[in-house]
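> Spelled out, the chains give:
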Amino acid sequence: MKRILLSIFLMAALLCLHYFVAGSRTAEAAKPAAASCQACHADFTSVLPKGHPPAKGTGLAACTSCHAPDLTGIAKKNAFSSRMHTAHVGPKGSLDCTACHTWVPNKRFGLIGQKWSWGAPKKEDMDLMKEIFISWANSGHTDTLHAKAGIVCTQCHGKELPKADDTVENSRCLTCHGPMEKLALKTEPKDFKGRNPHKSHLGDIACTVCHKGHRESKVYCLGCHQNFQMKIQGAAKP
Amino acid sequence: MREEIKEKPEVEGVSRRSVLKGAVTLGALAAGGGIALNMSMPGTAEAAAKKLPAKWDEEVDVLIIGSGFAGLAAAAEASSRGRKVLILEKMPIYGGNSIINGGEYASSDDKYHIRQKLNLGEDSTKQHFDDTMKGGDYYNNPALVKIMVEDAPATLNWMMDQGGLKMREIASRAGGHTAYRARTCVAGVGRCFTEALKKMAEQSGVKIRLETAVTWVWRKDWEGPVLGVEAVTGKRTKNIKIKHALVFASGGFGQDIKMRQDFNPSITPSVNCTNHKGATGETIRYAQAIGADALQLAFIQLYPFAEPETGILDTSAVFPFRGPGIGIVYVARTGKRYVSELDRRDVCSRAAIATDSKPTYSIFNEKMTPLLGSAEELKKGLENGRFIKAETLKDLAGKIDIPADVFAETIRKHNQYLADGKDPDFNKPITAKMLPIVDGPFYALPQWPAVHHCMGGLRINEMAQVVDVWRKPIPRFYAAGEVAGGVHGSNRLGSNATPDAIVFGRIAGTNAAKEKPMA
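Residue numbers (my numbering), protein chains in the order written: chain A, 1 to 238; chain B, 1 to 519.
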């Protein structure tokens with residue numbers, strides 16, 4: 001029997017919306033719906049940036065016809081998917097994911113009006129996705145710091161739906177934060193040059209040892225070097 | 001009775017067979033169900049809950065718990081024999097205590113014959129054996145010690161030849177050793193050994209899964225083999241089946257204060273520890289729960305020269321270890337010596353604690369520094385305030401606030417002892433390689449004992465098989481490194497841990513790979 005792929009959570013492109021309040025939905029509910037945005041946005045012009053050409057139609061297709069969802073997983077700031085998720089998740093809004101996404105449990109997860117699927121999340125995967133998205137929008141951890149900078153799941157996790165035990169490779173972080181030597185220079189202490197967390201005696205370690213995406217970040221050095229003065233962003237809720 | 005499968009690792013020209021590629025075996029693997037062997041207290045939730053998994057989430061040929069010296073060496077050997085190897089590491093970085101260890105390796109010889117080149121006198125495996133046994137008060141298992149000292153040189157060469165390991169051109173005489181046999185890797189930290197081993201392991205396809213903690217060992221009955229483990233990654237629990245063997249290389253329990261207290265209450269909770277935070281003893285208990293025997297758990301070593309406040313063993317804290325053979329002097333806050341610098345770690349630690357005044361100091365001068373560490377280490381130690389430097393002994397005494405006249409007299413007397421070849425105060429065996437402390441600048445380094453190494457652990461035999469409480473090997477179950485006991489007796493000699501872990505890691509990995517696949 002094929003081992004069932006464990007949990008796929010997030011994805012990248014679009015909106016995960018009122019799933020947050022409604023909880024899980026059944027397969028029937030995931031059928032392509034009218035996908036009208038009119039319940040909230042009677043007129044798109046109120047939410048479009050200045051100078052944006054008028055949007056035609058009342059559904060998601062009005063956007064996706066020009067803003068093709070990112071299927072490449074590139075690390076790009078303020079991509080359409082980031083903007084849409086930022087606007088609709090967390091304190092700014094609470095919509096079910098299926099307002100825009102199609103989800104057939106264990107079979108597919110896509111976007112209304114589009115044919116591709118990012119994977120086959122189970123209910124537990126969707127639950128985790130919900131949890132992570134709420135963290136991304138609100139927690140104050142590394143994920144929120146990225147949300148504020150317009151970075152959504154794919155920019156770190158790549159184009160696939162991340163698995164529950166997914167991690168982010170250093171090379172991915174360094175796409176924006178690198179190169180390593182330059183990063184290390186930025187964190188070199190003036191007084192004790194040897195106490196540089198980005199150039200330590202541990203050699204080449206994962207960024208995620210200290211920088212946790214969806215939970216509190218901690219300076220690993222301090223586990224042993226209790227007398228070092230070191231701080232880290234995303235350490236706790238602001 | 002099973003056949004003996006002891007095999008010494010091949011040293012020269014190990015051919016690296018190609019390794020099975022691809023993802024872990026898919027498919028639900030039938031486990032047979034039933035109740036797992038379980039020593040939990042009857043009636044407890046754990047005892048009731050531990051049923052053998054109805055199906056397995058994953059299967060690997062050789063499963064190794066722990067990614068330090070022993071685990072990586074076992075992985076390199078098993079994978080080079082074509083086995084698919086997975087290492088589980090509970091911490092977020094690989095390497096355990098090994099990656100932060102002092103980078104010292106005791107060996108009577110090496111391919112470059114560094115000791116002979118530096119004209120540092122004689123040594124032999126026999127002499128290394130005798131020192132190790134004596135240093136452990138003969139509580140050591142002689143058969144295991146013999147393997148360690150005999151395989152140490154070849155294993156050092158193996159890492160240089162195949163892992164790119166580089167060594168410094170020094171050999172130190174450390175406490176309890178009668179020869180200049182402690183070798184130092186170039187980086188002066190255990191990471192150079194872990195990097196060499198990891199390179200070898202990964203070349204043949206070994207995977208390391210971080211932040212994954214073992215939470216149970218599966219075994220069905222007292223006769224049968226270990227079947228696999230339960231392990232947790234984040235919120236996910238998986239049952240991982242072994243096809244060939246399980247190797248425990250999970251280290252000691254120096255950071256497990258409760259366990260320290262269980263076996264050696266004299267080491268109070270407030271005593272510092274040089275170990276990484278993951279050095280806790282749960283894997284020993286999981287092994288015991290399926291019948292494994294353990295021995296000598298009360299033998300817990302303090303490192304006499306740790307950083308006094310936090311207990312870490314930084315690069316500066318290795319200087320006092322390398323110093324005795326060249327005449328370093330340890331003084332108490334009274335300004336007097338308190339021990340023979342060439343004595344064993346347990347003796348040095350006890351003597352320091354008996355001064356009842358933290359810290360004590362290592363004293364040396366400029367001339368000695370090239371033999372104690374690299375110029376970079378010295379510079380760094382000065383920058384971060386670890387080494388205290390002064391032009392005169394009087395100034396040095398002032399800076400560390402000890403009585404200057406007593407201190408000056410201590411150094412003068414010690415210089416005289418070196419000239420006389422006799423130490424009437426502590427009976428230190430004086431050698432011609434020891435240097436008097438005459439010219440400045442002078443240095444002091446504060447030091448204080450901290451928990452460092454657990455000599456006791458799981459009982460293993462010469463094949464690195466874990467032995468049960470009836471002295472029978474538990475089929476398919478191996479252990480190596482600090483998690484295993486019996487090599488060092490009551491007191492490990494400094495720089496013996498690295499050859500112990502790597503030599504027995506190789507034996508465990510070699511024998512694990514040779515196990516026939518489980519039906």
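Worth flagging that the hints you see were computed from the coordinates, not collected in a lab.
Only a predicted model underlies this, so the values are computations on that prediction, with no experimental measurement involved.
Hints may be right or wrong, so weigh each one.
Quick list of simulated restraints, FRET-style, between CB atoms [stated by the list, open to error]:
(1) 236(B) to 66(A): 33 to 41 Å
(2) 472(B) to 188(A): 32 to 40 Å
(3) 201(A) to 432(B): 20 to 28 Å
(4) 111(B) to 127(A): 52 to 60 Å
(5) 230(A) to 113(B): 38 to 46 Å
Calculated lysine-lysine pairs in the BS3-like style (CA-CA distance at most 27 Å, straight line) [as the list claims (entries may be wrong)]:
(6) 207(B) to 159(A)
(7) 130(A) to 379(B)
(8) 235(B) to 123(A)
(9) 193(A) to 77(A)
(10) 379(B) to 199(A)
Here's a subset of chain A near chain B, in silico, CB distances under 7 Å, partners left out [said to hold, decoys possible]:
(11) 188
(12) 189
(13) 192
(14) 201
(15) 203
(16) 205
(17) 209
(18) 226
(19) 227
(20) 228
Note that beta-carbon positions come from the ideal geometry of N, C-alpha and C, so glycine has one too.
> The structure should be examined with respect to each hint, and the outcome stated for every one.
Consistency of the hints with the structure:
no. : hint                         : in the structure
1   : 236(B) to 66(A): 33 to 41 Å  : 40 Å, holds
2   : 472(B) to 188(A): 32 to 40 Å : 57 Å, violated
3   : 201(A) to 432(B): 20 to 28 Å : 35 Å, violated
4   : 111(B) to 127(A): 52 to 60 Å : 58 Å, holds
5   : 230(A) to 113(B): 38 to 46 Å : 44 Å, holds
6   : 207(B) to 159(A)             : 24 Å, holds
7   : 130(A) to 379(B)             : 52 Å, violated
8   : 235(B) to 123(A)             : 16 Å, holds
9   : 193(A) to 77(A)              : 33 Å, violated
10  : 379(B) to 199(A)             : 17 Å, holds
11  : 188                          : 13 Å, violated
12  : 189                          : 10 Å, violated
13  : 192                          : 5 Å, holds
14  : 201                          : 6 Å, holds
15  : 203                          : 5 Å, holds
16  : 205                          : 5 Å, holds
17  : 209                          : 4 Å, holds
18  : 226                          : 5 Å, holds
19  : 227                          : 6 Å, holds
20  : 228                          : 9 Å, violated
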